[in-house]
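Enquirer: So the chains spell out like this:
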Amino acid sequence: MMRKEIRFRLNGEEMVCDVEAHWTLLYFLREIMGLTGTKEGCGYGECGACTVIIDNEAINACLYPIMEVEGKDVTTIEGLVSQNGELHPIQKAFIEEGAVQCGFCTPGMIMSAKALLDENKDPTEEEIKEAIAGNLCRCTGYVKIIDAIKTMGGGR
Amino acid sequence: MRRFEYHKPETIKEALGLVTSLNNARFIAGGTDILVALRQKKAEIDNLISLRNIGELKGIEYGDGLWIGSGTTHTEILKSRVILEHYTALNDGVKNLGSRQIRNVATIGGNICNAAPSADTACPLLVLDAKVLIAGINGERWVDLDGFFLGPNKTVLDKHELVKGFSLPLFPKNTGSSYIKHTRRAAMDLPILGIAARITMDDGKEGATCREARIAMGVVAPRPIRAYETERFLVGKPLTEDVMEEAGNIAAREATPRDSIRGQAWYRKEMVKVLVGRAIKNAMERMGL
Ligand SMILES: Cc1cc2nc3c(=O)[nH]c(=O)nc-3n(C[C@H](O)[C@H](O)[C@H](O)COP(=O)(O)OP(=O)(O)OC[C@H]3O[C@@H](n4cnc5c(N)ncnc54)[C@H](O)[C@@H]3O)c2cc1C
Ligand code: FES
Ligand code: FES
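In order, the protein sequence lines correspond to chains X and W. If you number the first sequence the way my numbering does, the last residue is 156 and the count never jumps. If you number the second sequence the way my numbering does, the last residue is 289 and the count never jumps.
Fair warning: there could be bad hints in the mix.
[What the hints assert, rightly or not] Below, simulated DSS-like cross-link-like pairs (lysine-lysine); rule was C-alpha separation at most 30 Å, straight line: (1) W:LYS95 / X:LYS72; (2) X:LYS150 / W:LYS79; (3) W:LYS42 / W:LYS95.
[To be verified] Partner residues are not named here, just some residues of chain X that face chain W (Cβ under 7 Å, in silico): (4) ALA58; (5) MET67; (6) ALA131; (7) GLY134.
If you are wondering where the hints come from, they were derived from the structure by calculation, not from laboratory data. By construction, the Cβ of each residue, glycine as well, lies at the ideal position given by its N, Cα and C atoms.
Isolated chain W, as found in the complex (with noise of 0.2 Å):
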């Protein structure tokens, strides 16, 4: 492993005067990327400024919304219940993250920040309206999770500014959340696909129509995308089976996938098609109309 210096500060003020002053400075987290990065040659960095000590940036806090600090791990969104019942989608993504040892010790923030188009939470914050708060030197800022990935490894973070964490809005009660990881295996593997669907219905008891709807998806575009064609598709209308297929068909021309290793681009758009159906019948489900 390349040589680096370690720093461990206690609050954001002093992380953020350490990557502003040292040289050739990152943050690292739970380091299940970084370090990796580093140990391939795919990084290389004089000083590791860790994150893993600052009390404000750790927990999970419900009150008028949910609020997640990027330092909380994915063992710990697994354990929280009222992600589990409101948030559902995102208790899918960090199910299947990894291995338990991974999960241990890999942030949400990490997550996020690293910014792979296959990144688990990513979906499920982007259907959950997640706003990111970014702190830096001259002070705080609000971004949209959808305006904060540019591409592969790419957001809009400058390299001396750190994220908070993650705000998410309470959502009426006729609303369901889910996400879908398609891999070979179960665990730990990268999804072929990710998709991510959040659900709002009308009050009204019979003949429920879809009063708000957000689908995202994950490997199917340099990075984690919403597909917008589709959302307004289904605003409106009953979710009946062919509801739902067409609006699989949409979002699979919304999809711009590209031939990998893990799957073929013709075979991620077909499964597309089938998977946004199911994740919108998952996000009723949970839904308890």
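The following block holds chain X by itself, in its conformation from the complex (with noise of 0.2 Å):
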């Protein structure tokens, strides 16, 4: 089959690339661009582990045809560290809150909480959780993640 040519941002960078029509956004990410942050888990959308951010709205990267990417713009986990490298303010807040253990879970559960942030400053328990519901993780218990994005609201 025949590649084709998309155009779209990538954590803020214009991107020309040849594409085959039936990958996923996945697939494209981490094995063409080698951006191993965003995981797979399932494969099926119930995991949340592959998360990214388009236009700000969080995705099962898993679930996205790559052609439909074209003229968007998408951030990975890779995309929150600054320029200098320096750790996002998520990122930081889930370090010490110790919401990470084995990490798996971890990126897809950023991006949502990102998502959540930037849409709601200070969102409620019951607004972290519906937002994060789509992310499973097998070790933490839940409860650390969500102190750690409650710590990114508004007064606490």
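Work from the hints to combine the two standalone chains into their complex.
Expert: Structure representation (structure tokens):
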């Protein structure tokens, strides 16, 4: 099959790439771009390990056709680190609150948290739970993850 | 993943032209059903025709009724104030559908066209008297949603037709609606049972009686169904505890569930009894009589 050229933004950079029509965004990120921060857990939309942000919304990269990325703005966990290598405040909060154990769910969890916080600066516990309901964690029991996201809110 | 070609038409006309001319072609909207089916090798498709870049299929309009384009995402439905206030059952339906990530891309058209007996927007749309606008190469036709479903993953759609959207009527003031999704956990679970109710009461303040009733049930039959007998029973009655209990009993007789990994048939029937009354109560509370 013929490769197709698509244009989009990836972590702030303009991209022009040749892709195959049946690729998912997850395959493209991991296998072509080597951006392995985005994880593949289930490949079926169930676990959220592949969560990235497209035009301000959290989505499952495993169920996102690469062809639909055309013209869009994609942010992965690698895009959160600043130019000089400093971690994003949400990443720091996860570390400080002990919200990371094996780390497999962490990139997806942080991307879900970021999408939430960009839209709602001071989410309630209910809103946090709702936003990460599609992100499974087998280690932490979620409490510390929720605490970490809470510390990002306004008054707390 | 199986190899396929991917087409991105920008108009309905173009999409219908493609689906008629290409071999082994299927539409894709949010892709959350079709891509999973492809991965599980439950579908073999050579050409996916995306509906995501067709402006005509998007958006919610409220005027002398409600129009919801088939390409509207569940997140967009959840954000609609009009739907929350006047078509509450549909807000209930999308609130716990999948995860945030799923709702951000999955569409109401995909949920209905996929025609799972458990589809969370089906029962709400049934009680809200939704009509489906279907477009084909030879023109358009309207079908009542109740006449749209044929069985699991089967609808009246011809393979060269697509759904443009759904039209819902305006309801009188004393109307309320609700949907209860019965699951083991709140999020990310398909329902063991889904029950929707819409109730319109008479104007009379004291001793008001039910003027119009709609009850719909999911996962109790091969397709989402209306409980017609229960609806007829409710009309003309004051909605007392006794009446609601009897409505639950009648609805349980209309349900023909099967045993499945999510729940046994007898359990589903027992839960129909309980949840029909609860759904009616929730609908009444939203009425602000
Ligand atoms: C992790 C996960 C959790 C889920 N949880 C739920 C849940 O809680 N409740 C629930 O009801 N569903 C759930 N689903 C199923 C799915 O997300 C929904 O059914 C969704 O609404 C499908 O919409 P879509 O736009 O993604 O459909 P697609 O996959 O794009 O399409 C589904 C089918 O409909 C056809 N189609 C789509 N649009 C049209 C159109 N306009 N005209 C004609 N045919 C069309 C396609 O050809 C395809 O056959 C879940 C799925 C996943 C992966
Ligand atoms: S890998 Fe995408 S949701 Fe699990
Ligand atoms: S830290 Fe191990 S899965 Fe979440």
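Enquirer: Take the hints in turn and mark each one as holding or not.
Expert: Evaluation of the provided hints:
1. W:LYS95 / X:LYS72: 26 Å, holds
2. X:LYS150 / W:LYS79: 23 Å, holds
3. W:LYS42 / W:LYS95: 28 Å, holds
4. ALA58: 5 Å, holds
5. MET67: Check passed: Cβ of MET67 (chain X) comes within 4 Å of chain W, closer than 7 Å.
6. ALA131: Holds. Min distance 6 Å.
7. GLY134: Cβ of GLY134 (chain X) sits 2 Å from chain W, so the hint holds.
Checked against the numbered hints listed earlier, the structure breaks none of them; every hint is satisfied.
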